[in-house]
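Chains as they are written, first to last, in this note's numbering: chain D, 1 to 479; chain G, 1001 to 1209.
Treat each hint with caution, since some may be false.
To be verified - Coverage of chain D stretches by chain G, computed from C-beta distances (three or more under 8 angstroms per stretch; other residues unrestricted):
{"no.": "1", "region": "41-50"}
{"no.": "2", "region": "83-96"}
{"no.": "3", "region": "153-162"}
{"no.": "4", "region": "201-209"}
{"no.": "5", "region": "254-264"}
{"no.": "6", "region": "440-448"}
What the hints assert, rightly or not - Part of the chain G face toward chain D, derived, beta carbon under 8 angstroms:
{"no.": "7", "residue": "N1018"}
{"no.": "8", "residue": "D1121"}
{"no.": "9", "residue": "A1193"}
No wet-lab data here; the hints were simulated from the structure. For each residue, glycine too, the CB sits at the ideal point set by N, CA and C.
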Amino acid sequence: MAKPLTLYEKIWADHVVERRDDGTCLIYIDRHLVHEVTSPQAFEGLRVAGRKVRRPDLTLAVPDHNLPTTARVDALGAMLPIADPESANQLSTLRANVVEFGVPYIDALDARQGIVHVVGPEQGFTLPGTTLVCGDSHTSAHGALGALAFGIGTSEVEHVLATQTLLLSPSKTMEVRVDGTLGFGVGPKDVVLAIIGKIGAAGGTGYVIEYTGEVIRAMSIEGRLTVSNMSIEGGARAGLIAPDEKTFDYLERRPMAPSGEDWERAVAYWRTLPTDAGAVYDRVVTLDAGDIAPSLTWGTSPEDVVPITGVVPDPESFADPSKRVAAQKSLDYMGLTPGTAMRDVAIEHVFIGSCTNSRIEDLRAAAAVVEGRHVADGIRQALIVPGSGLVKRQAEAEGLDRIFIQAGFQWREPGCSMCLAMNPDKVPSGERCASTSNRNFVGRQGPGARTHLVSPAMAAAAAVTGRLTDVRELMTPDK
Amino acid sequence: MDPVRIVEGRAYPWGAKNIDTDIIIPAHWLKTITRTGLAKGAFETVRAVEGNIFDDPRYAGSPILIAGDNFGCGSSREHAAWALADMGVKAVIAPSFSDIFSGNAFKNGIVPVVLPQEAIDRLVEVAQDSEVTVDLETMTVTTPFQDRFPFELDSFRRDCLMQGLDEVGLTLARDTAISKYESGVAQDRPWIAVGSGHEGFAVEGAGRT
Ligand code: SF4
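Next up, chain D with everything else stripped away, as it sits in the complex (with noise of 0.2 angstroms):
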């Protein structure tokens, strides 16, 4: 009998070209989604050795990072100028190597654009069993859907466009196992952040994690995308969830998802994927979903988590020295003092989006809190950003908009918005936001910048009562 084998090894298996006397391989790259950030000296590099992109219908560029979520067009149509020269410039520069380059492209002003990693599943590029990569972290979130995907970096990105490949050693493999049933109020969120809590946050260095167990099952694809995005958090580069049932509906009859006869033998194919009985991980880790609260961060690295019910820990209570120092660091950055009640902080802003949380889901979460609320007085900016245009409009045919303008957030554009500050949505030094993005790190949302990183239903909670909230206490049980 053929050995077992775990998700991840079949998925390497089928995508090698060639291995390598010392255990590297070239791996083949089956999908490439690209960005502005990350591209331009990946082209520049392609244009002054002459070379050209060899699989242009494998690749997809669409522009996030630097665009302005207010809005693009004037009261006629016609594109406003974004004001920062340098955004401005990368953006043309994405739009005039993909021309010149003929790579497809989703611009700023169709319906479909989005956060590379909101579109990518929306669309059907992303597909169980194909290897996937982008040059961002968080293309870890593709995973959910049962694609090796990962980030890389600009000359990896380069090497992609050029021979469709890159030259990998294979990742150990980690099996993150969550079993039991979530409690009332608890998501998805919530359970990638006490994962990354218990493993920390260079945990998953080396290794693939693949997420099983029955909370992982009974997730949507919406669900997964959030915990699988964050594997980078937790130092792996890829998270991995089999493919099943739900992936299959999620995919069908997308717009870039294999139809006909290509359909059913792709089904065929992906239901062969799911780690075989009796095969091995390399370290296997599981979490009992009872004990995972409503969670999120204290400090400045996404290590540093707490149930709502916590307190902002004493660095004295750290057994590593270097990490009494790091926590010491983090509370003076983030301006908080041993002991305080994470429900005793206030804050100033909130942010719903990002990567991790801007999809349909997370924006019904959110507004089902907020419905019948309004933002609290002390907030000085609450915003919602879609994850995609395609988002927005379903949104916004559910009405989930008009519940969220009457509470008094702001109703954006989609893009990566205050994830990053690198377009106008900052928050501004030594002030503090619940956030829904992935990443509490110093400066991250803006210098001095302090980062609460939490799930949508719990920053809808922080934005109506102006601090950080126990989402338990604004739901009714039954709803």
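Start from chain D and add chain G with the ligand according to the hints.
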């Protein structure tokens, strides 16, 4: 790419852990469309503090940086490697690196040297006032005081560094193998070719986006 065989000289005796790419080069520097000129933005937030290691004249222009665990974690931005290269850094010594950063470092002629924490502690001490040598021929880090720390590097990457080889060019030479793989896929998994899908961009089905 220039070949790298030996990196020797002063080293920033930093030793800090979990240095993420936002610290190496903050996001607002990512708007460039070329690979050069990023030294100005390197470690901007660290350098905003008086008495920081990067503005200390003793270490100015050092080709080596000594850091703690998990160097280069965070985003995949290659700008972090370009910024270091633009500062003149040709080797970073740390107990561990993020996978993406070490890949980016190699491709830009920066050697990511992995050494245990005890070695890092010793090097941080030595580098206060002495030089450090990273030698790819002998695969060791040495100091003027008889310290000798062996390290490992993937042999392919070592060759590329030492000969200054261009990886894209090397892979393009494997074109026959790639084309053969592609024809196999066209047979076995024809749906991989995008375009067999539906026309237009509407996503059908209620409530789907
Ligand atoms: S939303 Fe944030 S994490 Fe996601 S791709 Fe954009 S900048 Fe990166």
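Results of checking the hints against the structure:
1. Check on the region 41-50 of chain D: 4 of its residues sit with their Cβ under 8 angstroms from a Cβ of chain G, so the three-residue criterion for coverage holds.
2. Only when three residues or more bring their CB closer than 8 angstroms to a CB of chain G does the claim for the region 83-96 of chain D stand; here the count is 6, and the claim holds.
3. Only residues whose beta carbon comes within less than 8 angstroms of a beta carbon in chain G count, and the region 153-162 of chain D has 7; three or more means the coverage holds.
4. For a cut-off of 8 angstroms, the count of residues in the region 201-209 of chain D with a CB near a CB of chain G stands at 4, and the three-residue condition holds.
5. Proximity of the region 254-264 of chain D to chain G, defined as three or more residues with a beta carbon under 8 angstroms from a beta carbon of that chain, is established by the 9 residues found.
6. For a cut-off of 8 angstroms, the count of residues in the region 440-448 of chain D with a CB near a CB of chain G stands at 5, and the three-residue condition holds.
7. Because the closest C-beta pair between N1018/G and chain D is about 6 angstroms apart, less than 8 angstroms, the hint holds.
8. Of the supplied interface hints, the one on D1121/G is violated, with its beta-carbon coming no nearer than about 11 angstroms to a beta-carbon of chain D, more than 8 angstroms.
9. Because the beta carbon of A1193/G sits about 6 angstroms from the nearest beta carbon in chain D, less than 8 angstroms, this interface hint is met.
When the structure is compared with the earlier hints, a violation turns up for hint 8 alone.
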